[in-house]
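Quick mapping for you: the protein sequence lines, in order, are chains W and Y.
The first sequence begins at 1 in this note's numbering and counts up one residue at a time.
The second sequence begins at 1 in this note's numbering and counts up one residue at a time.
These aren't lab readings, by the way, just hints derived from the structure by calculation.
Nothing here was measured: the structure is a model prediction, and the numbers come from that model.
Check each hint, because a few of them may be wrong.
If the Cβ cut is set under 8 Å, some of the chain W residues that face chain Y in the computed set are [what the hints assert, rightly or not]:
#1 Ser48
#2 Phe50
#3 Ala69
#4 Pro70
#5 Arg89
#6 Phe159
Here are the computed lysine-lysine pairs in the DSS-like style, where the Cα-Cα straight-line distance is at most 25 Å [claimed, not checked]:
#7 Lys138/W / Lys231/Y
#8 Lys105/W / Lys57/W
#9 Lys15/W / Lys139/W
#10 Lys178/W / Lys139/W
#11 Lys58/Y / Lys139/W
#12 Lys139/W / Lys231/Y
#13 Lys63/W / Lys105/W
#14 Lys176/W / Lys105/W
#15 Lys281/Y / Lys138/W
#16 Lys219/W / Lys57/W
#17 Lys176/W / Lys135/W
Simulated coverage check for chain W against chain Y, where a stretch passes if three residues somewhere in it have a Cβ under 8 Å from a Cβ of chain Y [to be verified]:
#18 72 to 81
#19 92 to 106
Don't be surprised by glycine CBs; every beta carbon is placed ideally from N, CA and C.
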Amino acid sequence: MLKISNLQLSIGDTKILDDISLTVRPGEHVGIIGPNGSGKTTLFNCISGFLTPQSGKIIFCNKDLLKLAPHNRALHGVGRVFQNFGIFREMTVLENVVAAIETKKMSGIFPWSKSYQRHVSQAQEFLAEVGLGDKADKKAGTLSGGQMRLLEISRALAFGAEMFMLDEPTAGVSPKMKGEVESLLTKLSRLNKTVLIIEHDMNFIQRLCGRIIVMDTGKIILDDTPENVRINPQLQEIYFGTINNDAHNGNQKGQA
Amino acid sequence: MGQLDYINHLLILLCIYLILAQSFNFAFGLGGLFNLAHIAAYALGAYCTAILSTDYDKSFFYCLGVSAVIAAFFSLLLGAIAIRLSQEYFAVGTLAFSAIVSSFLINWKSLTHGVLGIPNIPRPVIGQIDFYQNSNFLALLVGLTALIMFLFYLLFYGRFARDLKAQAENPYATMAIGKSVSSIRNDAFIISSVFASIGGSIFSYYLNYIDPSSFTLAEMVFVMSIVVLGKPGSFWGTIWATTFLVLLPEPLRFVQINASILGPMRQLLYAVILFLVVYYKRATIFPQKREV
Numbered sequence: 001m002l003k004i005s006n007l008q009l010s011i012g013d014t015k016i017l018d019d020i021s022l023t024v025r026p027g028e029h030v031g032i033i034g035p036n037g038s039g040k041t042t043l044f045n046c047i048s049g050f051l052t053p054q055s056g057k058i059i060f061c062n063k064d065l066l067k068l069a070p071h072n073r074a075l076h077g078v079g080r081v082f083q084n085f086g087i088f089r090e091m092t093v094l095e096n097v098v099a100a101i102e103t104k105k106m107s108g109i110f111p112w113s114k115s116y117q118r119h120v121s122q123a124q125e126f127l128a129e130v131g132l133g134d135k136a137d138k139k140a141g142t143l144s145g146g147q148m149r150l151l152e153i154s155r156a157l158a159f160g161a162e163m164f165m166l167d168e169p170t171a172g173v174s175p176k177m178k179g180e181v182e183s184l185l186t187k188l189s190r191l192n193k194t195v196l197i198i199e200h201d202m203n204f205i206q207r208l209c210g211r212i213i214v215m216d217t218g219k220i221i222l223d224d225t226p227e228n229v230r231i232n233p234q235l236q237e238i239y240f241g242t243i244n245n246d247a248h249n250g251n252q253k254g255q256a
Numbered sequence: 001m002g003q004l005d006y007i008n009h010l011l012i013l014l015c016i017y018l019i020l021a022q023s024f025n026f027a028f029g030l031g032g033l034f035n036l037a038h039i040a041a042y043a044l045g046a047y048c049t050a051i052l053s054t055d056y057d058k059s060f061f062y063c064l065g066v067s068a069v070i071a072a073f074f075s076l077l078l079g080a081i082a083i084r085l086s087q088e089y090f091a092v093g094t095l096a097f098s099a100i101v102s103s104f105l106i107n108w109k110s111l112t113h114g115v116l117g118i119p120n121i122p123r124p125v126i127g128q129i130d131f132y133q134n135s136n137f138l139a140l141l142v143g144l145t146a147l148i149m150f151l152f153y154l155l156f157y158g159r160f161a162r163d164l165k166a167q168a169e170n171p172y173a174t175m176a177i178g179k180s181v182s183s184i185r186n187d188a189f190i191i192s193s194v195f196a197s198i199g200g201s202i203f204s205y206y207l208n209y210i211d212p213s214s215f216t217l218a219e220m221v222f223v224m225s226i227v228v229l230g231k232p233g234s235f236w237g238t239i240w241a242t243t244f245l246v247l248l249p250e251p252l253r254f255v256q257i258n259a260s261i262l263g264p265m266r267q268l269l270y271a272v273i274l275f276l277v278v279y280y281k282r283a284t285i286f287p288q289k290r291e292v
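Using the sequences provided together with the hints, build the complete structure.
Have a look at this one:
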């Protein structure tokens with residue numbers, strides 16, 4: 001379970017995260033939406049350990065994450081999928097996954113060692129599952145946006161993450177590949193993995209998440225089901241500004 | 001110098017530069033650690049061996065071992081400060097360390113004999129075999145270099161290389177798969193410095209005399225030229241580039257040019273090669289770092 005309490009992060013006088021508190025149950029899929037600059041990625045960076053909040057607590061699986069270095073948080077099961085594709089482009093697709101497997105299970109020093117060969121076959125299985133089996137020997141940088149995203153998620157899976165934090169997983173992904181990313185994320189649900197998704201595509205997020213958190217100016221302003229969030233006037237206000245209903249109606253009358 | 005002696009000399013130089021360049025390539029080419037203190041580790045190895053073998057009459061393996069430990073200690077110390085710096089600042093930090101070492105070599109006269117250097121460094125004797133003859137010394141060096149290259153081969157094609165490349169390209173993604181970037185960098189820095197110090201030890205045994213002029217930034221530029229020409233991160237590339245650049249100025253010896261011009265001409269040649277390769281291959285030598 002992830003429990004965040006009273007998280008505060010300021011840069012100068014600007015509050016980037018303002019008293020954020022939330023609880024995510026194991027296996028839950030939660031969508032996080034909000035306009036640019038609302039603090040969504042900053043929240044992920046605080047959980048991952050790339051930013052240190054001034055106050056607050058982040059407890060994941062009974063462990064205080066703020067006391068752990070970023071790599072130790074990952075070892076504790078916190079997985080991260082980056083907005084700008086966190087893959088190693090200069091490595092092959094296979095090496096990307098092998099590198100993740102090797103974190104917990106040491107490969108032998110020789111490239112021909114049995115443990116290394118075992119990790120290679122495990123990596124090939126992960127890649128085959130997401131349809132990247134035939135790309136194993138290609139440089140990861142040559143993949144399409146959607147394939148990069150699949151690789152990044154399957155790498156986190158191979159690494160053994162329990163919680164996946166995905167920052168705009170459909171950004172730079174073609175509509176066809178979006179479907180593949182979505183089915184992989186649905187699979188995470190079957191594996192009882194906790195998923196937090198930052199996303200702007202409401203339809204995508206509604207299909208995957210049973211709960212949506214809306215952030216604005218560093219605060220959580222809504223935390224509800226996708227259906228309720230969608231019809232909430234506060235959301236309309238955040239994205240489109242205050243709607244002057246009288247003027248709106250008057251305009252419609254005029255047009256009629 | 002006879003023909004055989006000349007060939008032996010070239011091969012010995014080749015072996016020394018192979019160790020020096022491959023160890024630099026390991027940290028810089030794979031890990032993006034632009035370590036300008038590499039030559040300082042080389043100097044530490046050379047001076048440590050020179051002092052231990054002349055003043056204390058210590059054996060070959062003892063000198064090599066102590067030189068490696070001292071280089072590891074200093075790189076650990078320097079690493080604790082510099083390893084967290086970004087690429088440009090890391091280069092400046094290590095350059096500063098190199099300048100400090102250079103200053104010590106010149107000014108700590110009671111230990112290093114200052115600019116006069118340390119003469120009469122004896123060639124190694126292992127058991128009943130002495131290595132006073134260049135051909136014997138070459139045999140020892142070829143064996144040692146082959147062993148070191150084999151170790152580097154394992155490092156270049158193994159798990160550590162993947163970690164090193166990963167952190168160079170995307171440190172955040174590396175941490176996100178549970179790897180400590182600072183540990184990886186520290187380890188690479190130490191391994192690289194240890195082998196550079198071994199190169200320095202061999203250098204002092206070979207020349208029988210060392211002084212601070214052998215460990216200047218010009219030497220570092222030469223090592224950089226090798227790695228950049230061979231493509232940073234390429235194990236085999238560094239081997240061919242070392243061979244090419246060590247042998248490249250040799251034909252100049254047979255050209256009737258004044259010796260005072262010949263020396264600067266070599267430096268100029270390396271600088272031109274370095275400039276051209278950096279200009280045309282800048283995207284691969286200094287790839288763009290990715291941020292979250």
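Outcome of the hint check:
Interface hint at Ser48/W: satisfied, since its Cβ lies 7 Å from the closest Cβ of chain Y, which is below the 8 Å cut-off. Interface hint at Phe50/W: satisfied, since its Cβ lies 6 Å from the closest Cβ of chain Y, which is below the 8 Å cut-off. For the restraint placing Ala69/W at the interface with chain Y, the shortest Cβ-Cβ distance is roughly 7 Å, inside the 8 Å limit, so the hint holds. For Pro70/W, the interface hint holds, since its Cβ comes within 8 Å of a Cβ in chain Y; the closest pair sits about 4 Å apart.
At about 7 Å, the closest approach between the beta carbon of Arg89/W and any beta carbon in chain Y falls short of 8 Å, and the interface hint on this residue holds. With a cut of 8 Å, the hint placing Phe159/W at the interface with chain Y holds, because the nearest CB-to-CB distance is about 5 Å. With a CA separation close to 20 Å, the supplied pair Lys138/W and Lys231/Y stays within the 25 Å bound. Annotation: proposed proximity of Lys105/W to Lys57/W is violated, straight-line Cα distance about 30 Å (limit 25 Å).
For the hint pairing Lys15/W with Lys139/W, the CA-to-CA distance comes to about 41 Å; that exceeds 25 Å, so the pair is violated. Of the supplied pair hints, the one linking Lys178/W and Lys139/W holds, its CA atoms being roughly 22 Å apart against a limit of 25 Å. Between Lys58/Y and Lys139/W the CA atoms are separated by roughly 50 Å; this puts the pair beyond 25 Å, and the hint is violated. Taking the CA atoms of Lys139/W and Lys231/Y, the gap is about 17 Å. The hint holds against a cut of 25 Å.
Taking the CA atoms of Lys63/W and Lys105/W, the gap is near 22 Å; set against the 25 Å cutoff, the hint holds. Simply put, Lys176/W and Lys105/W have alpha-carbon atoms about 35 Å apart, too far for the 25 Å limit, and the pair is violated. About 22 Å separates the Cα atoms of Lys281/Y and Lys138/W, which keeps this hinted pair within 25 Å; it holds. For the given pair, Lys219/W sits about 16 Å from Lys57/W by alpha-carbon distance, which is consistent with the 25 Å threshold.
As the CA atoms of Lys176/W and Lys135/W are separated by approximately 18 Å, the hinted pair is consistent with the 25 Å bound. Chain Y is given as covering the segment 72 to 81 of chain W, and this holds because 5 residues of the stretch bring a CB closer than 8 Å to a CB of that chain, at least three being needed. With a threshold of 8 Å between beta carbons, the proposed coverage of the segment 92 to 106 of chain W by chain Y holds, since 8 of its residues qualify and at least three are required.
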